[in-house]
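J.: Single-letter residue listing:
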Amino acid sequence: MVSKPSENAGPGEDSAPAAPVAVKILVAGGFGVGKTTLVGAVSEIRPLQTEELLTDRSVGVDDTEGIEQKTTTTVAMDFGRITIRDGLVLYLFGTPGQDRFWFMWDELSYGALGAVVLADTRRLADCFPAVDYFENRGLPFVIGVNCFDDGYDYTTEEIRDALDLRPDTPVVLCDVRERASGKEVLTTLVKHLLSIHEAQNPAGATAG
Amino acid sequence: MTGPGSEWLDDEAGPIVRSYALTRGRARPAAGEGFDMITIVSTAARPRSGSPGIGPEHLDILEMCVQPQPVAEIAARMKLPLVVVRVLLGDLLHHRLITATRPPQESPLSKERLLREVLHGLQAL
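Those protein sequences? They're chains F and L, same order as listed. Going by the numbering used here, the residue at position 22 of the first sequence is 22; the numbering climbs one at a time, nothing skipped. In short: position in the second sequence from 1, add 208, done, that's the numbering used here.
Keep in mind that the hints were calculated from the coordinates and are not lab data. Cβ coordinates follow ideal geometry from the N, Cα and C atoms, glycine included. Do not rely on the hints blindly, as some may be mistaken.
[Stated by the list, open to error] Derived contacts from chain L toward chain F, CB cut-off under 8 Å, selection only: (1) 250; (2) 262; (3) 270; (4) 281; (5) 309; (6) 316; (7) 322; (8) 326; (9) 330; (10) 331.
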C-alpha cells in the first residue's frame, strides 16, 4: 500500500477492485512545440483528449461587466498514461497553449508532482510564460529543449541564461518524437523532484 | 447512424444533445466534490431500475467505472466536456453509486517513496 487514499463517500470497498493511486506531471510550452508528441511518445495509450467548456465568465473576471452575449470556447487537453506498477499510474497532461487559460493551469497543477516545459530554440520566448508560471507557483520543472532539425544549436548553458533559470533547474536537450528521449526528460524531472525533496526533508528520512 | 439527413451528424458537427441538456442546466456538481482530473472513480453500486435523475450517461459511467477510472479518462471516453462529466459524477456520488478517491496527500516519507517508485517505473520503460 503506497498511501491511504482520502476517505470517500459511500460503501462498496470490498466488492470493487482497489482504486489505483494516480499522480500527474504536466507538459507545458508554447503552441506547436511538441507537447502532444512527447506525451504520445512515452504514453502506453494513444493520447486521449478532454475538453473543458468555457464561458466568458471563466476566462476573465474583471471586464465582462455589461457584456450581454456569452461566448463559449472549448479548450482541449491531451493526456497520456504510464502504468508505473499495479496500482500506481502516472498521467501526463499537456497544458493548453494559450495564456488566457491560466485558470486551467491552476487546476492542472494542483497536486501535480512537477512539470516539463518544452522549449523550441527558434521561438524560445514562447516558453517564458510557462517558466514564470511554475516559478511563481513553486512547482518544480525541467526544461526540455526540443531539437528541431532546423533549429539553432545552443548549449544548455546558453538556454539557461536566456531563460534566466534558477541554477538548479535542469535543462535537457531532447527529441520528443523519440521514446527514449522523452523518457530521459521525465526521469530527469523525477530525479530533480527527489533532490528537492531530500533538500527539504534532510535528517535520515531516506531509508531507501 | 444511417438514413436521410445522417450525413449532417458526425463528430465534426458536434453532439446532437447539448451539454446543458445532459446536466439539466447545471454547471457544477451537486455534491461538494471538485473531481480533480485524476480523482479515481469506482462504481460502488448499481441503481435500482427507474431511479429518478439517473440517465443513460450516468449508466455508461457506472459501466465504465467497474474498473476504476480517473475523471479525465471518463471524460475522454465519453467524449463529453469535463464540466459535464463532473456534474454527472456529482449525481452519482449523491446517489452513493460511486466512490471518489482523491489524489494522495502525501506525508514527506511516502512522497519520497512515491517519487522513487515513479523514477524506477520510468527507468524501466
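J.: For this structure, which hints from the list above don't hold up?
T.: Hints 2, 3 contradicted; others consistent.
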